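2 protein chains.
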Amino acid sequence: MVRMATRATSTAEPRPRLSRERVLRAAIAHADAGGLEALTMRTLAEELEVAPMALYRHVANKDDLIDAMIDVVFGEIDLPPAGADWKTAMRRRAISVRDVLSRHRWAIGLMESRRNPGPANLRHHDAVIGRLRAAGFNIEMAAHAYSLLDSYIYGFALTKMNLPFDTSEEVAQVAESMLQPFPVNEYPNLVEFITEHAMKPGYDYGDEFEYGLDLILDGLERDRNAA
Amino acid sequence: MVRMATRATSTAEPRPRLSRERVLRAAIAHADAGGLEALTMRTLAEELEVAPMALYRHVANKDDLIDAMIDVVFGEIDLPPAGADWKTAMRRRAISVRDVLSRHRWAIGLMESRRNPGPANLRHHDAVIGRLRAAGFNIEMAAHAYSLLDSYIYGFALTKMNLPFDTSEEVAQVAESMLQPFPVNEYPNLVEFITEHAMKPGYDYGDEFEYGLDLILDGLERDRNAA
DNA sequence: ACCACACAGCGTACATCGTACGCTCATGAG
DNA sequence: CTCATGAGCGTACGATGTACGCTGTGTGGT
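Line by line, the protein sequences give chains X and A. Numbers -4 to 222, taken from our numbering, label the letters of the first sequence in order. Numbers -4 to 222, taken from our numbering, label the letters of the second sequence in order.
Think of the hints as simulated: they come from the structure by calculation, not from any bench. Owing to the predicted nature of the structure, the values given are computational and were not obtained by experimental measurement. Where hints are given, some of them may not hold.
No copy is singled out in the list; a pair is fine if it fits within one copy or between any two copies.
Unchecked claim - Each computed EDC-like pair below joins lysine to aspartate or glutamate, with the alpha-carbon atoms no more than 16 Å apart: (1) K195 / E135; (2) K57 / E32; (3) K82 / D62; (4) K195 / D161; (5) K82 / D161; (6) K57 / D94; (7) K195 / D73; (8) K195 / D218; (9) K195 / D62; (10) K195 / D145; (11) K195 / E164; (12) K195 / E165; (13) K82 / D59; (14) K82 / E205; (15) K57 / E171; (16) K82 / D145; (17) K82 / D94.
Sequences and hints are given; from them, build the entire structure.
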């Protein structure tokens, strides 16, 4: 057989070299599109036009891959801006987290669970704590604030992610199929809530986020001043 | 071979009949002990001294099993008591959710995500909404309150579940192994936070829960009165 | 007391998954 | 040009969910 071109002189597009970067990018895109359970080493390899085992030159195993994916996600979150007052800074960070998580729904529930946090993860936590301390929160209040804010932010993302609808039109369908197996009027408050609120045009559960966020920030401000 | 006793007259303990109840109970115990990923149809069957395929007479498939497990968990949550004022009622429910989730960590993240909610799930939501409405929350405020409370409760459970330690002693170990790959003083605020707060004797992250819960309830009360 | 049947429990088999192990060549340093 | 390195891969194995259809048992009808 004639020796093949060693430097990709032929027209056949030379598949670009694999790299940890490329693997991560493809994995995240895949998970964004189909969820974590759609991400298998085999499908990922196929997408990269590579044999499954080739991936293992760049990630130790699937867990290592996911750890790394999570750290990329952390890297996409805006750190709290340094100039603004603390409430504005925390508000901006919170909204950035929400936005990032809505792009990467599969990451919710994993963000806080990694036993091997990456540098972006640690830098993020460091920056938030630092910002609170600089704003005059003592350590204990900073702990309160961080716990409360992150619980809310991640919890909101978690509950919202799981809502199987986005618009008020979809609500009707989903609600009906959920309630269909049960007797009518078994759950009157739930039904009223759905029909009188969630199904109203323009309803978007996502809008709830800022109400709670501001309530929390106001409460924290009061307590900080009282301390 | 001699015909075996058909009515379990021998001393060999007659394995009790399988039932959906028994399958669910064993599955929950298994998940409580080893997490969801330890729950496989085979190990579950083994625990019940039954062949794997026997389970499928009682659950349609693994997803159906998990749906049912989640509904059992919902059933363990105390509904908001009817007598007390709304804040007390909501507080009691919130703490009950937290307690239940701490018994069933594997359920966190699934509670709000089932597309086929069971009766206990729906009854729970119905009762909470009803209690808020009865306390004078209009529909919109009830939506705010419920969203905020549940986001916080589930978010707290999520972030706490993932913390790989419970006591202040464990913090040191875990923190060191997390930070060990990185240069000293790369994350000064985080280090200060850990050494000056989380490692103090008596520290228990779980104690943060009630601080945030009360802050939220107070904020909701203010807004309800203002409306 | 008998029988027929419904159905609980099961054995076998298969597709899919993560990944251990070690081979093969292409590539870049000398 | 030579040769060591390491990227990419082929094969194979154990785990997992579950489809399919058999078997033997307990039960209700007579």
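Status of D59 relative to K82 across identical chains (alpha carbons, at most 16 Å): neither (36 Å within a copy, 44 Å between copies)
Check K82 against E205 for me: Cα-Cα at most 16 Å, and say if that holds within a copy, between copies, both or neither. within (13 Å within a copy, 22 Å between copies)
When Cα atoms must be at most 16 Å apart, do K57 and E32 count as within-copy, between-copy, both, or neither? both (12 Å within a copy, 15 Å between copies)
Given a CA cutoff of 16 Å, do K82 and D62 count as a within-copy pair, a between-copy pair, both, or neither? neither (31 Å within a copy, 40 Å between copies)
Could you place K195 and D218 in one of the four classes (within, between, both, neither) given a Cα distance threshold of 16 Å? neither (37 Å within a copy, 23 Å between copies)
At 16 Å max between alpha carbons, let me know whether K195 reaches D73 within a copy, between copies, both or neither. Neither, since 34 Å and 31 Å both go past 16 Å.
Classify it for me, K57 with D94: is the Cα-Cα distance of at most 16 Å met within a copy, between copies, both or neither? Neither: 26 Å inside a chain and 32 Å across chains, both beyond 16 Å.
Please sort K195 with D161 into within, between, both or neither, judging by C-alpha distance up to 16 Å. Within. Shortest intra-copy distance 13 Å satisfies the 16 Å Cα cut-off; inter-copy 44 Å does not.
Is it within a copy, between copies, both, or neither that the alpha carbon of K82 lies no farther than 16 Å from that of D161? neither (29 Å within a copy, 30 Å between copies)
For K195 and E135, with the copy left unspecified, which applies at a CA distance of at most 16 Å: within, between, both, or neither? between (43 Å within a copy, 11 Å between copies)
Can you tell me if K195 and E164 fall within 16 Å by alpha carbon in one copy, between copies, both or neither? Within one copy only: 8 Å inside a chain, 52 Å across chains, cut-off 16 Å.
Can you tell me if K195 and E165 fall within 16 Å by alpha carbon in one copy, between copies, both or neither? within (11 Å within a copy, 50 Å between copies)
The structure does not agree with the numbered hints 3, 5, 6, 7, 8, 9, 10, 13, 15 and 17 stated previously, though it agrees with the rest.
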